[in-house]
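Protein chains in written order, with our numbering: chain B, 1 to 135; chain W, 1 to 423.
Because the hints were derived from the structure by calculation, they are not lab data. Accuracy of the hints is not assured; some may be wrong.
If you want the footprint, here are the derived chain W segments under chain B, 3+ residues with CB under 8 Å [said to hold, decoys possible]:
{"id": "1", "region": "12-23"}
{"id": "2", "region": "29-39"}
{"id": "3", "region": "143-155"}
{"id": "4", "region": "306-319"}
{"id": "5", "region": "335-347"}
The C-beta atom is built at its ideal place from N, Cα and C for all residues, glycine as well.
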Amino acid sequence: MAAVGLALALLLAGLVLRRGGTIPWAVACCAAASVVGRAGHATADAHAAALGVLLLLAAELAWWSIDLSPRLHVERALVRMKAVGIAGLVAGALALDGFLLALTGITPGSRVTLAALGMAAAVAVLALVLRGGPR
Amino acid sequence: MTTFRSASPKLTGYALLGALALLASLALGRPELLAIGAPFVLALAVGAPLATEPRFAVQVEVEADRALEGDEIGVRLVLEAETAVARLDLSLGLPENVEVCEGSNPVSLALAAGERRQLELRLALQRFGAHRLGPVVTRAADPLGLRRWESVVDVRPLVRAHPREELLRRVLRPRETQVYAGNEVSRHKGVGIEFADLRPFVFGDPVRRINWRASARRAELYVNQSHPERNTDVILFVDSFAEARLGDEGTLDLAVRATAALARAYLTRRDRVGLVGFGGILRWLTPGSGLTHLYRIVDALLDTEIVLSYYWKNIDVLPRRTLPPNALVIALSPLLDARSVGALLDLRARGFDLAVIDVSPVPFTTRPSGDVEGVAYDVWRLHREMLRQRLRQAAVAVAEWRSGDPLQAPLEEVRAFRRRAYV
Numbered sequence: 001m002a003a004v005g006l007a008l009a010l011l012l013a014g015l016v017l018r019r020g021g022t023i024p025w026a027v028a029c030c031a032a033a034s035v036v037g038r039a040g041h042a043t044a045d046a047h048a049a050a051l052g053v054l055l056l057l058a059a060e061l062a063w064w065s066i067d068l069s070p071r072l073h074v075e076r077a078l079v080r081m082k083a084v085g086i087a088g089l090v091a092g093a094l095a096l097d098g099f100l101l102a103l104t105g106i107t108p109g110s111r112v113t114l115a116a117l118g119m120a121a122a123v124a125v126l127a128l129v130l131r132g133g134p135r
Numbered sequence: 001m002t003t004f005r006s007a008s009p010k011l012t013g014y015a016l017l018g019a020l021a022l023l024a025s026l027a028l029g030r031p032e033l034l035a036i037g038a039p040f041v042l043a044l045a046v047g048a049p050l051a052t053e054p055r056f057a058v059q060v061e062v063e064a065d066r067a068l069e070g071d072e073i074g075v076r077l078v079l080e081a082e083t084a085v086a087r088l089d090l091s092l093g094l095p096e097n098v099e100v101c102e103g104s105n106p107v108s109l110a111l112a113a114g115e116r117r118q119l120e121l122r123l124a125l126q127r128f129g130a131h132r133l134g135p136v137v138t139r140a141a142d143p144l145g146l147r148r149w150e151s152v153v154d155v156r157p158l159v160r161a162h163p164r165e166e167l168l169r170r171v172l173r174p175r176e177t178q179v180y181a182g183n184e185v186s187r188h189k190g191v192g193i194e195f196a197d198l199r200p201f202v203f204g205d206p207v208r209r210i211n212w213r214a215s216a217r218r219a220e221l222y223v224n225q226s227h228p229e230r231n232t233d234v235i236l237f238v239d240s241f242a243e244a245r246l247g248d249e250g251t252l253d254l255a256v257r258a259t260a261a262l263a264r265a266y267l268t269r270r271d272r273v274g275l276v277g278f279g280g281i282l283r284w285l286t287p288g289s290g291l292t293h294l295y296r297i298v299d300a301l302l303d304t305e306i307v308l309s310y311y312w313k314n315i316d317v318l319p320r321r322t323l324p325p326n327a328l329v330i331a332l333s334p335l336l337d338a339r340s341v342g343a344l345l346d347l348r349a350r351g352f353d354l355a356v357i358d359v360s361p362v363p364f365t366t367r368p369s370g371d372v373e374g375v376a377y378d379v380w381r382l383h384r385e386m387l388r389q390r391l392r393q394a395a396v397a398v399a400e401w402r403s404g405d406p407l408q409a410p411l412e413e414v415r416a417f418r419r420r421a422y423v
């Protein structure tokens, strides 16, 4: 509960003060709260998939809200495109999580496959960060 | 146009979340962390390839580079996108006293590849001056907002807002005229319309100038002499050492508007008008005539501002051709700075035909409520009256002009003084 409260506080602080740096911490606190709360149910089930997608949606909406300044007039076409983009991303995330759920449910050896996929994804993320960092 | 590329905090945040979730999933053996972190990795995987630097151009077109104070002008921002821009934030820098009355600034929009878009703005020029618009600051982002490209387009068109001039029915008549044709009746005798005198006929005089009645009485030919119409030289002397200001209006604003009105009135009469901006920054324009010269005078006035200076200046610093002999000098001054008063008395001592319009700072002040401060305020007002009396004693016509009163009123007061002084 404390972690959830902290996550909400961080999210609110980020939205009010327009500081996007607090959003990842809010998401991390939520994820930690979920993991702690589901101790003993260490499975990648629909609950975890839904949480992941919801956290992505919350983060996207929070970033969008911070990006929009009250002084800035935003064209409707841009708002539509952004909404469609977020919807597409959420749908893609749902599909990805569904695929991962399917993988974990197939065979015991799938855990190894999952671990390998996780390692590859972690390396890819680090590579992206190194390539796309500020210059 | 220099572009600065940066990664948004979102990129770093998503990358950290994804990496943390995946590594924690492996380290703690909690597969649900993988399901939580996977969407963020997906966002990065989808967004990163789309984050390519957009290429676009921005131009600023202004409807007119001159307008009147209070008018509106149209400004067009022309955007040409070479590549698609998922999000483009645009802001046109506006100087003080220029406001947007139609259109949006700043604005956020999207551009397709090859698209050409025009954004229309209408700007209100609330005060006279030389207003430089721009620059245009742009910030582009990819579809997921992972990267930003910021640039400043250094396009800065200049818009000149001319002061609104009051229409003057009559202006001050200089005592001496010059040699060129104009609208002022000269005291000298020559060829003109106004009758001046009779003189005996000499060979070469036009027959039409013979006054037959006088000739019949005298039994010899007499011709009419007239006062020719000549032009005059007028120097407008603007005191910019100090001003009194309350809110958006001040004595310098009044002086500039009055100077523009006087310049137009005299130039319309085919007189030559010069300008002296006497203050922290010294400006001058030698006398000239015509519409082009009016624009020169107005442009010089637009740049007039109060610049604090402790350097003692007198009129010796002015080039001689700026103050031609026999010119009428009309000074517009709030009489706040001793240097201006000294320069005016110096001009009079050198024999210039001088008239002073005291642009009163009193409406821009309030009498303090305290006893000592109130007395000091009263003493200050008495000091100003003393300055005016000192100028009158030097045969300088002075009239006080307050904000809200028509400029014609002090001009008529000065005319009356000049008429009495020379009767």
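Now for the hints, and whether the structure bears them out:
no. : hint    : in the structure
1   : 12-23   : holds (count 12)
2   : 29-39   : holds (count 11)
3   : 143-155 : holds (count 5)
4   : 306-319 : violated (count 0)
5   : 335-347 : violated (count 0)
In summary, the numbered hints that this structure violates are 4, 5.
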